[in-house]
Every structure is written in C-alpha cells, then in structure tokens.
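**Q** First to last, the sequence lines map onto chains A and B.
Residue numbering for the first sequence follows this note's numbering, beginning at 10 and increasing consecutively.
Residue numbering for the second sequence follows this note's numbering, beginning at 3 and increasing consecutively.
Any given hint could be a false lead.
[What the hints assert, rightly or not] Restraint ranges, calculated between C-beta atoms of paired labels, are given here:
(1) B/D368 to A/V27: 33 to 39 Å
(2) B/I47 to A/W55: 53 to 59 Å
(3) A/S491 to B/G274: 51 to 57 Å
(4) B/N305 to A/H377: 34 to 40 Å
These are computed hints drawn from the structure, not numbers from a lab.
Every value quoted in this text rests on a predicted model; they were computed, and no experiment measured them.
All C-beta atoms in this analysis are idealised placements derived from N, C-alpha and C, irrespective of residue type, glycine included.
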Amino acid sequence: MENVLTYMTFIPLAGAVVVLMLPNNPKLIRWVSAAATVPPLLMAVWLFNHFDRTQAGFQFVEKYQWLPAYNISYYLGIDGLSISMVILTALLSFICIFASFGIEKAVKGYFALFLMLDAGMMGVFCALDFFLFYVFWEVMLLPMYFLIGIWGGPRREYAAIKFFLYTLFGSVLMLLAILALYFASEPHTFDMTVLMAQADKYGTKALPIWPFAQWGWGFQHVIWMALFIGFAIKIPAFPFHTWLPDAHVEAPTAISVILAGVLLKMGTYGILRTNFPMLPAATADLAYWFLGALGAWNIIYGALCAMAQKDLKKLVAYSSVSHMGYVMLGMASFTTQGINGAVLQMFNHGTITGMLFLLVGVIYDRAHHREIDGFGGLAAIMPVYTGITALAFFASMGLPGLSGFISEILVLLGVWQRYPVLTILGASGVILTAGYLLWTIQRVYLGPPNEKYLKMPDINGREIFTLVPLGVIVIIVGVYPSVVLDLLRASLDHINQIVLPHLHS
Amino acid sequence: MDLKNIASLSLFYPEIILTGTILLIVVADLLLRGGRRGLALIAVIGCIGALLATFDLYGAQPGLLFHRMIVLDRFSLFFKVIALTATILTIWMSLGSDEIKQVHQGEFYTLLLACALGMFFMASSSNLLMAYLSLELVSLTSYVLTGFLPHNRRSSEAALKYLIYGGVASGTMIYGMSWIFGMAGSLDYAAIQAALAQNGINKAALFMAFIFIMAGFGYKIVFVPFHMWSPDVYQGAPTPFTAFLSVASNAAGIAIMIRFFFPGVSRVLPGGDWSFVAGVEWPHVLLFVSMITMTVGNLCALNQKNLKRMLAYSGIAHAGYMLMGLAVLTNDGLSAILFYVVVYLIMNLGAFLVVAMVANVTGGEDIEHYRGLAWRGASVPAICLAVFLFSLTGLPPFAGFVGKFFLFSAVLKQGGAFAVLAVVAAINSVISLYYYAKIVKTMFLDMPYPENKRVAVAVNNFTLLIPLTVLTVVLGVYFAPLAQYTNQSLFFFVK
Numbered sequence: 010m011e012n013v014l015t016y017m018t019f020i021p022l023a024g025a026v027v028v029l030m031l032p033n034n035p036k037l038i039r040w041v042s043a044a045a046t047v048p049p050l051l052m053a054v055w056l057f058n059h060f061d062r063t064q065a066g067f068q069f070v071e072k073y074q075w076l077p078a079y080n081i082s083y084y085l086g087i088d089g090l091s092i093s094m095v096i097l098t099a100l101l102s103f104i105c106i107f108a109s110f111g112i113e114k115a116v117k118g119y120f121a122l123f124l125m126l127d128a129g130m131m132g133v134f135c136a137l138d139f140f141l142f143y144v145f146w147e148v149m150l151l152p153m154y155f156l157i158g159i160w161g162g163p164r165r166e167y168a169a170i171k172f173f174l175y176t177l178f179g180s181v182l183m184l185l186a187i188l189a190l191y192f193a194s195e196p197h198t199f200d201m202t203v204l205m206a207q208a209d210k211y212g213t214k215a216l217p218i219w220p221f222a223q224w225g226w227g228f229q230h231v232i233w234m235a236l237f238i239g240f241a242i243k244i245p246a247f248p249f250h251t252w253l254p255d256a257h258v259e260a261p262t263a264i265s266v267i268l269a270g271v272l273l274k275m276g277t278y279g280i281l282r283t284n285f286p287m288l289p290a291a292t293a294d295l296a297y298w299f300l301g302a303l304g305a306w307n308i309i310y311g312a313l314c315a316m317a318q319k320d321l322k323k324l325v326a327y328s329s330v331s332h333m334g335y336v337m338l339g340m341a342s343f344t345t346q347g348i349n350g351a352v353l354q355m356f357n358h359g360t361i362t363g364m365l366f367l368l369v370g371v372i373y374d375r376a377h378h379r380e381i382d383g384f385g386g387l388a389a390i391m392p393v394y395t396g397i398t399a400l401a402f403f404a405s406m407g408l409p410g411l412s413g414f415i416s417e418i419l420v421l422l423g424v425w426q427r428y429p430v431l432t433i434l435g436a437s438g439v440i441l442t443a444g445y446l447l448w449t450i451q452r453v454y455l456g457p458p459n460e461k462y463l464k465m466p467d468i469n470g471r472e473i474f475t476l477v478p479l480g481v482i483v484i485i486v487g488v489y490p491s492v493v494l495d496l497l498r499a500s501l502d503h504i505n506q507i508v509l510p511h512l513h514s
Numbered sequence: 003m004d005l006k007n008i009a010s011l012s013l014f015y016p017e018i019i020l021t022g023t024i025l026l027i028v029v030a031d032l033l034l035r036g037g038r039r040g041l042a043l044i045a046v047i048g049c050i051g052a053l054l055a056t057f058d059l060y061g062a063q064p065g066l067l068f069h070r071m072i073v074l075d076r077f078s079l080f081f082k083v084i085a086l087t088a089t090i091l092t093i094w095m096s097l098g099s100d101e102i103k104q105v106h107q108g109e110f111y112t113l114l115l116a117c118a119l120g121m122f123f124m125a126s127s128s129n130l131l132m133a134y135l136s137l138e139l140v141s142l143t144s145y146v147l148t149g150f151l152p153h154n155r156r157s158s159e160a161a162l163k164y165l166i167y168g169g170v171a172s173g174t175m176i177y178g179m180s181w182i183f184g185m186a187g188s189l190d191y192a193a194i195q196a197a198l199a200q201n202g203i204n205k206a207a208l209f210m211a212f213i214f215i216m217a218g219f220g221y222k223i224v225f226v227p228f229h230m231w232s233p234d235v236y237q238g239a240p241t242p243f244t245a246f247l248s249v250a251s252n253a254a255g256i257a258i259m260i261r262f263f264f265p266g267v268s269r270v271l272p273g274g275d276w277s278f279v280a281g282v283e284w285p286h287v288l289l290f291v292s293m294i295t296m297t298v299g300n301l302c303a304l305n306q307k308n309l310k311r312m313l314a315y316s317g318i319a320h321a322g323y324m325l326m327g328l329a330v331l332t333n334d335g336l337s338a339i340l341f342y343v344v345v346y347l348i349m350n351l352g353a354f355l356v357v358a359m360v361a362n363v364t365g366g367e368d369i370e371h372y373r374g375l376a377w378r379g380a381s382v383p384a385i386c387l388a389v390f391l392f393s394l395t396g397l398p399p400f401a402g403f404v405g406k407f408f409l410f411s412a413v414l415k416q417g418g419a420f421a422v423l424a425v426v427a428a429i430n431s432v433i434s435l436y437y438y439a440k441i442v443k444t445m446f447l448d449m450p451y452p453e454n455k456r457v458a459v460a461v462n463n464f465t466l467l468i469p470l471t472v473l474t475v476v477l478g479v480y481f482a483p484l485a486q487y488t489n490q491s492l493f494f495f496v497k
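Looking at chain B on its own, in the form it has when it is part of the complex (with noise of 0.2 Å):
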C-alpha cells in the first residue's frame, strides 16, 4: 500500500491528535492562566486519545504514507506507544516536581508533546530527508526543554552543551546521508536498498557514510564516542525531562537506527537473520562500539557523586546492552532490544521518580542526600529505588534481569566471536552492580547523621511509584505476554 497525501490523513490521526493537543495547551494557557493541572490533564488525555489511536492502528493495513515518507507497521506502532507511555509518565511526575513548578508550564508540555511527536516520526520515517528532520525535530525541542529551568546555570550551560554536540553530530549524519544519496541516486530506503544491491557501489564510500550517519543515530542512543554530552544534561535538566530524555529519546534512537539499517539497507533472510550489504561490515564496528560503550559507561558511573549524573553514565552502559542485540544481525537480537527498552522505560523512569521526590524534600540529587534514607521516614521510596537499581543491575527476579538475559541469549546463540561480547557483558553487569548498590548502601547501610532531617514524601508521587514497582517486579516473574508483543512488533514494511 502506497498511499497519496490527502489518502494517509486516515491512517494519520494519532499524529493528528497530538498535534491537536499540542495547540489546544497553547490556546488554554493563554485563557486559564496558572492553571497547572488543567494543562496537565489536557496534555495527558491529549496522550491517552493519540494511545488509543494507536492501538486502532493495529488493525489497520500495513503501508506507506505520504509518497513513502512515512511507514506504517507493527514496528513503527510499538515505538509510537513506547513514546506516548513515557510522555504520559513524564507529565504526571512533572506534577510532583518542584522545579516544573517555578516554568511556564504551558510551554513545557507543548514542547514535551512537541518532542513526542518527533519521536512518532523517528520511529516511521522511510526517507533519509525524514529521518533527519525528525530527528532534528526532537533534538531542537530537547535543547529548550534541557535549559527550561530560569536563572539556574547549570541548566543552561547542559543546554549550550546539547545544542553543540547536536549540531555536530546531525551535520555528521547529513554529511553522511548525502554521500548516501550520491552513490544511490535517491533518498528513499527502498530504492536506496535496490541501487546498494547492485555492484559497482565503491564499498569503503558506503562504510564512510554508515560511519557517519551513525553518529547522528549514536548520539540520540547515547553510545560512544558521541556520549559526551549526556552526563552534563542529565544533570541539567529538570529531572522530569531527564526521565524522559533517558528512555524516550534513547528509544527513539534504537527505533530510527533500526529502521535504516536493518529493513533499511539491509536483507532479511529466511531463517530470521539479517545480511548486510557484502564488504561493508557495519556490524563489526557497533560489537566493538557496544563493548566500549558498556565498559565506559559503567567505569565511569563507579565514582559518581551526583545521582543524576551517575544515573546518565548508567544509561550509556544500558545503550551498550542493547548495541548487543544490533550488532547480532538477528531478529532475536531485534526483540530482545525491544523488550530492554519497555523494561528500561519502566525501571529507568522509576529511579528519575525517586531522585525527583527526594530532591523536593531534601533539594539535592548528590549522593550524600540519600544517606539513611530507608530510616528517615521514607522506607518506601528507598525500598522502590532499591528494585529499579537492582533491576537496572539485571538481578531476578526484577524485569531488568529478563530484558539482559534475552539480549544475552541473543548474543550467544551467535557463537564465536560473539561469545566475548557475552563475556564482556557480564563481567559489566558485575561492574555496574557496584554502583548502583552503592546508592542502596548509602539509604539503607549507612546511618542518618543527626543533622539529616526526616524526609516527608508527597504521598501523591506514591500513585506513580507503587505501580512502576509492581510493574519492574511481576515483568521480572511473568515476561511471556510481553515477549511476545515485543516479537510481533518485529515487522517492518518495506516496498
């Protein structure tokens, strides 16, 4: 199905009703002044209309929207529910942040829902020209909302950072892309996969290019060596965004790397594994970028002060896991990182929930403000932290255990060479676990000083928190229904 403009509105409506939303919060913020939770509510059942909507799509015909720009398919639809989730949890932890509360609270969900509708792109662009645009679209509203907080510099200075290293990298990638565009003639995924099939495409130019073009994609992914960025804007940014910049932008990032270089340039073959074009190994070169991401990654979360910050160099080490599954070239490996990222999105969101609740009592994210925490009146809130860490280690019976061990599996049904990559994998799992029990010594081994007051928690941040426990919990127990949502959402339309 290849479907004209006016044709594809039909099957275009949650974007539609996002769009929709994202004018509506700035009409009702102009009428009903201060008014905090309206626009919230607005933002959120804005979210669950354009969920909804997805979830219809489901039934509808795969196909090509657009004249090809835009794909719909089971894989483009799993990421735009990814998104919508994380947006939806963001808006509702921004109610509960302090530091939501000093902005103009129009402008951060319009922006917020700006940015998820980018992600709705990332996730179904077919078309070189599209895949940047949506990209860009998400990294401009990313840069404003990273330097949202006034008159706080280290906002603004993450901010600066981002737009730098964005820029960057997105010109790298256009870069890239155009030498794409050289050798086949064409923008579109399809027709650039017919013209790299045929001989005569000069191999290191095409290498070059993929290099390039993964720096944009890398730096969305977070992975090295475009990861220097992220510490200082997870730090920077409003906690709730930082929430959602870690599992969302980091999702779209998988989604729009997948895209190109998989259904993109890339062929399936019948037993589900993937060939790439011949004497261009671009998988070789993200194995050794998934191991180095992990190992830096995680050395450098070991002696991190600040929860925010360690928490980022976390999220690059969890970027280098789920490198793993590209770098297989199996639809194992594919559904294995699909299932990391709802389980990232779960527990990663959770620990942002619980540094945002104590850093409104105690007004900081260092780790020092959590010493004793279990035995300062919020057990808890410290209990909760203490799964999504152990979680985010990959212990059982936690869902973060689930997600390492189908991307493990993935990577050792490969073999050989394969096998180190495995190896080294888990010898991080054993690395990172000395960070993140670190912050579970500092709340519950170590005993409050007399002058750490007592921590009263928002009881209404508990609405969030519990579920997302429960959740991290039972999908660590009863994983089957997910996994197979995450292996039907492996289909990708092409032609």
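Extracted from the complex, chain A is given alone in its bound form (with noise of 0.2 Å):
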C-alpha cells in the first residue's frame, strides 16, 4: 500500500470536511464520524503486521517537494517509535468517536474538530520533516482548544485558554529551535534525518554569554533546553503541569482520553525523536538533571498529588503525571531495558489512563459528580463496572500479568544500571501508587453501598464496547509484551547508540 502514512493522517481530515457538509442530523453525523476512524485503524493493523521488525531506519516514506527554496518537503515517514504511538493514536482516536455518542450540543462541531485533531495527531507521529512536524503540532492545538472550551465543564474557558496558552509558549521556543538548527545545518535543511546525520556538526563548546558561560553550555545546549521546555509542557513535566489538571477535569471524557492517551505522548516522543538523535552530545550533559531527576521527582510529586485529590479525574490526571515520570527516568536511562521501557511506558499508559478516564467517564455520567468520598460501596451496584475498573487500577498500579509492570519494571531495571538513587525514588513511587489506588477503590468500590445510587444501572454496551479492546491490550501486552517490544526494539537501540559515545562516565 503506497502513501499509506497520508492515509492515515489526511482520511480523518477528509471526514471532517465531510462531517461539516452533512445535514444537522446527529445520528448520521456520529456514523459518519466513526466511519472516518475506521480506515485508519485498519491501516494501523497492516503497518503492524507489514512493519520490518528487524530494521532502524524509517520506513513506508513518502516525501515531496513542498517549498524547494526553504528546503521545506513533505516528508512522512515511521520507525519503531513512532509505529507504536501511530498504531496508539488510531486505536485511541476510534474508540474515542464512540465514547462522545453522548454528546448533544452542536454535534457537527465536536465531530468535525475531533477528526481534525486526530489528522493533527497522527500526522504529528508520521512527519519527518520539521517544519511539518512543528505545522501538525499546532494544528492539534486549535482542535483541543474549542473541544475543552465549548464542549468541557462548568471551569471550561479558564482550562481551555491555559492550555492553548502553555502549549503556545513551548511551542515558539520550539520554533526558534527548529529554525536555528536550520541554519546550523548545511546545506540549509528541516529534514529531519539529514539533521540528525549532522547531530556532530552543532557546537557544544560554551557561548561567551551571560549565563551560558557559567553553566558551560553550547549552542547545542541552548537548542535542546528551547526544545525541551516545548516537549516539557505537553510530558507534562514539573513545573510545567499545571495546565493539565484543569484541562482534564475540565475536557468531556472523550478529549480527556485523547489529551492524557495521545497528546501528552508527544512530549517524550518528542525528546526522543528530535532531542536525542540531532543533539546527541547535550543530551547525555543535561539527561540525569532534565530528565532523570525531573523524571523521579514527576513519579512522586504525581503520586502525592492524586493522593490528596477528591475529584476522581483529577486523580487521574495526577496519576498521569506520575506516570510519565517513569518515560523521562527511562529515557535518561540510556540503557536498552531503561529505554525500551520507556516507550513501553508509553503506549501502555495511553491504554491504562485511557481505561481509567473513561470509567471515570461512566461514573460521571450517571451521578453527575466526581467526588470520590460522594460514592461508596459501588460493587455492589455496578459489578460488572466495578471488574473493569479493578483491572484498569491494578495495571496502573503495575501488578505483574498486566502491562503497566512490564514497562514500569524494564524501566526500574535500566536505570538501576545507571542512577541507583533515582532507581530508589522511582520505585518508592510505586508503593505511594498502590497507596493512592487503593484507597481509592476502597472509598469508591468498597463497603457499604450509597443509598442514593442504589438505583444506578451498570455498564451499558457501547461503554463496554470502548473499554474492552483496551482491556484485552493490556492483558497482552503485560502477559507478552513482545507484541509491542519487538516493534520498537531496532530502532530505540539505534536512537540510543548515538548518545552513548557522547556519555562522559
């Protein structure tokens, strides 16, 4: 299948200006809708089972001329990183459609802006051209803005306009970042590969300015923190995460799944495809500080954080910052296990969190409140409701068999190799997260039930239909991992033989 990538990232568009020309009838408007998310899934299945699982490179490329005079192409192409957040994105952005049936105000406009942010999505994953890349990163962002503003909670403007607003100020630096390795490169170029074929040519010896001199940092140096504080707020890394809280809580169920499933990846899938592979050398300078140890502090300032929450998502959304604190310990690892993980992590957050807030979702909808003291004794009530969500707390909480404690244990084990102490931190977050879950399932699930929700009815098809083939996933993955890991092997090991030579100790 030639050109499979645009696709994948330009059928969605396609149905949101389809969407946009269909009569105001909401039924059909959601058919339609659904029916533009299905193609893609299905290609997401071919690239899995066509994927070279034995090669580094980028491969299903495509690349066109776009503005020959700036050196500007468009450039799509995927290798073991993106594939997983590609096949992640499809999954996510198909049950999604299905999760929003619920919505009754203006229709035509949620769907026609949530395939356009699937488009920005998937495209974001695919594009190997920089000035692409940084183009289908700011289209996901006027998409988000108006699903969390018109379509969120009674606080909906403040989380929507900080969260455009944080997202913005990363994402300037980050286009003066893309600039100026534009010019550092020679000749003239946004092609990423050929940036990163550079990565020793962009100086690291210390600029005579004020502050760099002190600090030591280079003009390498300089780029990667501009790039990372742009990545860092989408992670989102302390202190950078404080849009996140409000934009989940805020955001209807469907957007919060796609915020904490899909968008936040970006953040490390960032790091890792532009930071590592093109500025190599300030990388392994700046990795234990920016990512290690803000990584460990992520995991356990989170974890603190959804311990002292009451509102339910909000404690979903603190978990989420805990743990992609895991993805940025992993990542700063530099080890195959640490790594490897890492983007493990990943994918497997985006199907637990995706899980969790979507429990969230049915709760929600039924009790009309979040408040996790307000219900109690719900297994009684909801058993079937109740055995899912158990399933979605335990892999959150890495229990063995399901995928959180693959990935969470491959990253404990890398860094181990590395950072013992941050090793130590790390995996004290894991007890403050079975302590925050736990209490949370007995508050909610256990003891006496509420008199007021007696009458609560269960699970309802369609909820069960967007939670199982999540479910299943993360049954599989942490029974054979293999499944993801062998996807994303060849090339995380390639990404992270270019930094090791640049590692001082």
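Using the hints, build the complex out of the two chains.
**A** Put into structure tokens, the structure is as follows:
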C-alpha cells in the first residue's frame, strides 16, 4: 500500500470536511465520524503486520517537495518509535468517537473538530520534516482549545485558554529552535534525517554570553533546552504541569482520553525523536537532571498530589503526571531496558489511562459528580463496572501480569544500572501509586452501598465496547510484551547508540 | 533609463487611469445623484483597469521617470498592486457597510482613490521632495476620510487627533530632510547616497536626520513612539476606511521606508546583505524600536473592550514584527516583510470585514457585542473571524504563520543579538494569543444572554468574506508561489 501514512493522516481530515457538509442529523454525523476513523485503524493493523521489525530506519517513507527554496518538504515515515504511537492514536481515536456518542451540544462542530484533532495527532507522529512536524503540532491546538472550551465543564474557559497559552509558549520556543537548527545545518534543511546525520556539527563549546558561559552551555545545549521546554510542557513535566489537571477536569471524557492517551506522549516522543538523535552531546550532558531527576520528581510529586485529590478525574490526571515520570526516567538511563521500557510505558499509559478516564466518564454520566467520597460500595451496585475498573486500577498500579508492570520494571531495571539513587526514588513511587489507587478503590467501590445510588444502572453495551479493546491490550501486553517491544527494539537501540558515545561516565 | 516628462507618460498609465477615474467619479456623482452602486462600480472598474495596467508594466524596462522623481521597478509595482488590491476590497466592503450609506458616496470614493494614488507615489518616489509630497497626499486624504461620519463626535475627534499628530510627524520629517539636503546638497536618492559615501559627513548630524525622517515614516507604519493616534483613529473612522488604513497605509509606509533606507542611503553587498553608512547605526535603533513596538502593542491590546481599538493595538504589534525584517538588513528580511504585507492585508481586511458586518446588525464594535455570536445564527462570520484572528496570532495552518515564519527565520539567520529579538517576538506571539483568543472565546465559548438578539448577517458580504478566509488557509499551506513573487519583487532600480 503506497502512501499509507498520508491516508492515515488525511482520511480523518476528509471526514471532518464531510461531517461539516452533512445535514444537521446527530445520528448520521456520529456514524459518519466513526466511519472516518475506521480506515486509519485498519491501516494501523496493516502496518503492524507489515512493519519490518529488524530495521532501525524509517519505513513507509513518502517525500514530496513543498517549498524547495527553503528546503521544506512533505516528508512522512515511521520507525519503531513512531509506529507504536501511530497504532495507539488510531485505536484511541476510534474508541473515543464512540465514547463521544453522548455529546448533545453542537454535534457537528464537535465531531468535525475531533476528526481534525485526529489528523493533527497522526501527522505529528508521521512527520519527518521539522517544518511539517511543527505545522501538525500546532494544528492540534485549535481543535483542542474548542473541544475543551465549548464542550467542557464549568471552568472550561479557564482550562482551555490555559492549555492553549502553555502549549503555545512551548511551541514558539520550539519554532525558534527549529529555525536555529535549520541555519546550523549545511545545506539548510528541515529534513529530520539529515539533521540527525549532522548531529556532530552543532557546536557544544560554551557560548561566551552570560549565563551560558558559567554553565558551560554551547549552542547545542541552548537548542536542546528550547526544544525540551516545548516538549516538557506537553509531557507535562514539573513545573509545567499545572495546565493538565485543569484541562483534564474540564474536558469531556473522550477528550480527556485523547489528551492523556496521545497528547502527553507527544512530549516524550518529541524528545526521543529530536533531542536524542539531533543533539546527542547535549542530551548526554543534560539528561541526568532534566530527564532523570525531573522524572523521578514527577513520579513522586504526581503520586503525592494524586493522593490528596478529592475529585476522581483529577486523581487520574495527577496519576498521569506520575506515570509520565517513568517515561522520562527510563529515557535518561541510556540502557536498552530503560529506553524500551520508557516507550512501552508511553504505549501502556495510553491504554491504561484511556481506560481510567473512560471509567470516570461512565460514573460521571450517571451520578453527575466525581467526588471520591460521594460514592461508596459501588461494587454491589455495578459489579461489571467495578470489575473492569479493578483491572484498570491494577494495571495502573503495576500488578504483574498486566502491562503496566512490564514497562515499569523495565524502566527501573534500566535506570538501576546507571543511577541507583533515582531508581530508589522511582520505585518508591510504585508504593505511593498503590497507596492512592487502593485507597480510592476502597472509598469508591467497597464498603456499604451509598443509598443515593442504589438504582444506578450498570455499565452499558457502548461503554463496554469502548473499554474491552483497551482491556484486552492491557492483558496481552502484560503477558506477552514482545508484541510491542519487538516493534520498538531496533529503532530505539539505534537512537540510544547515537547518544551513548557522548556519555562521560 | 532616465526619462523626461513627456516620455515618462508612456510608463505612467496606471496613475493616469486612476486619476481619470477620480475625475470621472466627481462628474458621475453630479449626474447620478444617489447612484451608490454606480459610483462604486466606476471606482472598482477604474481600479481594476489600473491594476491590469500595473501588471502590464512588469514587462517594461525599469527606470526613472519625470527627471528622476519617480522610479519604476518591480518593488514599486509590488506596492502598487497592494494599494490597488486594498482599495478594491475596501470599496467592496463599503457596499455592505451601513456607516458608508449615511455619507456622500462620491466624495468617499474620490478620496479613497486619491489616497491610493498617493500610495503609488510613496512606493515609487526616488526623491525626498517627492517622498514628502506623496506622504502628505496620503495623509491629507486620510484625515478627511477619518472624519467622514457626519454628526459623529468620535469620528471628528479622531480626525483632529490624526491631523495634529500627522502635522507634527511630517514637520519633523521635513526638518530631517532639510538636514540631509544640507549635508548631501541634493534631494535625489542616488545623489544623496553618493554624497554620504564620501568622508567628511558629520555622523552625528546624519544620525539625527535619520531619526527625524523615521518620525514621518514611523507615523505611517505606526511604530512606537509615533503610535498614539492610531487607536482613536481606528475606533473613530468608518470601519471600511479603518481596514484600508490598517493595511494599505501601513504597507505604503513600509514601502517608502525601505526605499529610503535601503536603495536610498545603503548599499547592497554581493551576498544580499546591505551595508549602511559607517558609524550611523540606524538599524540598531530599529532593533529596539521593533522590540518596544511589538511589546507595547500587545500589552495595550490585552485589556481593550472595543474590537476596533484592539485591532489598532494589534496593528501596532504587527508593525513591530515587520520592523524586524528591516532591522536585519538583509534581502531575506525585506522579502519576509513583503510576504507579511500581503498576508496581513488579507487577514486584517477579513477581520475588519467581520467587524463591519457585525456592527451593521448589533450596532456596536464592543467585544460584548460578540457574545455567543456563533450561537446566534452567525456561525459563518464567527468561524471566519476566528480564522483571521488565529492567523494574526501566527498559528499554522494559516497564512499568518508563514509570514511570521519567514520573519523569524530572517532574524535568526543573522544570529547574535538578533536571537534576542527573535525570542522577544516569539514571546509576544504568545501574549497576543491571549487577546485574540479572548474574542474567539466570547464568540464560541460564551453562551448568549437571553437579551442578545439573533444576528442575521447580510449574505452579500459573504462574497468577500469567504474568499478571504479561504485565501488565509490556502496561503498557509501553499505559499511557494507567493514567496517566489515577493522574492522577485525585491528589485530596486538605482542610478
């Protein structure tokens, strides 16, 4: 299949255009939108089957001139790092369309924006031209702003603009860094593969300007930092994480799933895609503090915040902050286990947190609130729902046999070889995670049933349909992680090998 | 090529057509009393004729006309196309505007076309005297058009403010010009350049003269500290003219400034960079002015309650962005400015068009009038305005992003201190998002109050609105031809 990546990116966009032209019939709009996410999902399955797992380089490459004078091209391709994210995006988009069937307000606008968002996300993971990457990166912002701002909760306006401003701040820094790399490359280009090949050219000698002279930062370090801030806001790494709880709490369920499942991954994906191979020397110098230590801090800080939450959705949001910390920590280890674990954690977090947000959505649709202390004994009222929730919670906690365990253990194994102290800190996060999750299960699901909710119906067919695929993946990856790890290994080893020679110790 | 008066006329027909149209409108206004559409039609046909003539001149040999007063080259032709396009779109916009219905149509179109004619001369003057006269022609017509709404205090007040500021600025400018004349002994750009290249010029005096001249240009381009008039004038003037002022007047100011500071007093080096007279660091001044202009514009825009006023401050900020391209002294920078001028024309005119449409129905331009616009039967104008505003912010996939991208890349290419300028500009883009998004929020995220009436917009405005919106998106994705055109327009005829 030629141009498969283009189709995956632009079929949802075409779907958005079609949806805009449809008559105002909510049912029709919903099903047409769902149909638009099916081809990308099928293509993702096709990619999974046809992907050459032994090859580290980019596959399914497409390249066309866009603005030759500036060496800007339309350049798509995927390697082991991106294919896992592409599959995740295709799957979550498909599921979230169904999770959005309950939307009543301005249905046409919602689904059109959702499909645009889908196209933007897919494009980010496929783009191999930095200019194109940036365009897709920004294209996601607008639909997200409206989806949170129009269909969100009571404080949606605040959450939407906060998300928008934070992300834009990061991305303008990123734009400057992209341009600086462009002018540093010879011949000037936005082609990521060429920029990676020229990685040794970007100066590492300390710049003679305050404060970089004191820190010993060269051109490469400054660019690294600019890119890193752009990505760290998306991850979100402390102290740039404050937009996340607001956005998650206000966003409608499906958008929370996309936000946690796909958008957060773009931060860590960007670091692995650009910072590691293009700026290896700076990565080696800065990774300990800005990825490793910050990651460990993210784990503990996120878990402690989650523990203090009264709102179930906010708890899941902070658990994302904590879990993304493992990704950063694993990346910083520069070991095969660590880096593979990190990307596997990205994939697993996408599926597990997706489930968690869907489950929160189920309960919110029925009770119209999310107070953890406002429930109690749901296990007796909604047994099926409680069963699925338990699966998701245990996966999130890292119970052996479920996917979360594999990625966390890989990360900790990898990091132990390089930074034992950080490993201890990171591992202590596992205990905190178990703490807040078990405590939540106890408060919401166990104990005597709350009389207010005795009549609450159990989970319905549509909701089960959205949850089951994710649950199956969680179990499969937990038992047989090679399904995903085989995809990743060759490419991630390649990326790791670029950085390793620059490590001093 | 250096032509005398009569010989020049053969290369002067766009201006002749425009002048003929102006006279024709005066006569037609007497004959067709109340024939509003007829007059507009004459004006549009005249402009299109002039536009075709301008394109025709691309084939002609570049040269100097009228005893070296006016220069014909691709750079001047580019700005003539810009001025005419803005005029045509403004006339089109004025047809759907209730404000213009109340005033004398004939005079409005006459003055508008005269203003465009002045812009023609601004873009092509190669003599300080010509530059001054053309600037005054544009200013004088603008004063009248600003105060054009009868019995409207704001409009009259704006015109008076504009007049006073304009008077001071052009007085300062002509004072600076007299210094130049004193030093160079000529008003002709080529002669000035030759004189400045010799030793013995007093650097301090020359620097001061440049600063004085910048006052005049700065008041047209609207950069700090010559910006104080703009919010009042933008708010008070009839909306179609505000739109015209914000794009065409700004573009003409950019044109005259580039013409004077680049081929006029600087020399081009083989690599496409420019070298200024040694010891007279006017680009450094521009660097600071650019930073201050964009920051002041954006910060002041944050808390505006009136959309036209907000767009005035946003215009100041955009002038600051464009100045970046001047400060770097490269052809890349200049080409980026030309690109930005085109893009800014499209998106800003579009934004003002929606303002005019909404004002027709709700009777006001306050942000409060836009509350829940998308849910009050005006979703198409609301979506279009959102596109224009996000494009002004510089978000892809809209044209404004590409414009900013070229400017940023021109600045970062120079490196060094310019990297700071780029960072300041980038942070300014983020600040600007806040107030642009505030409008979008008001239109989409806020639900209308019960007392907010449904908005029934006149459909005939869509004929202009939709093409502008589509163009904003298309140029954000497929910009190669336009980039090529602006690159080619960077040709100055000197000597």
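**Q** So, for every hint listed, does it hold in this structure?
**A** Do the hints match the structure? See the list:
Against the hinted window of 33 to 39 Å, the Cβ-Cβ separation of B/D368 and A/V27 comes to about 37 Å, which satisfies the hint. One distance hint, 53 to 59 Å for the beta-carbon pair B/I47 and A/W55, holds here, with the actual separation near 58 Å. Between A/S491 and B/G274 the C-beta distance comes to about 56 Å, which sits within the given range of 51 to 57 Å. Our hint of 34 to 40 Å for B/N305 and A/H377 holds, since their Cβ atoms are close to 36 Å apart.
Taken one by one, the earlier hints all hold for this structure without exception.
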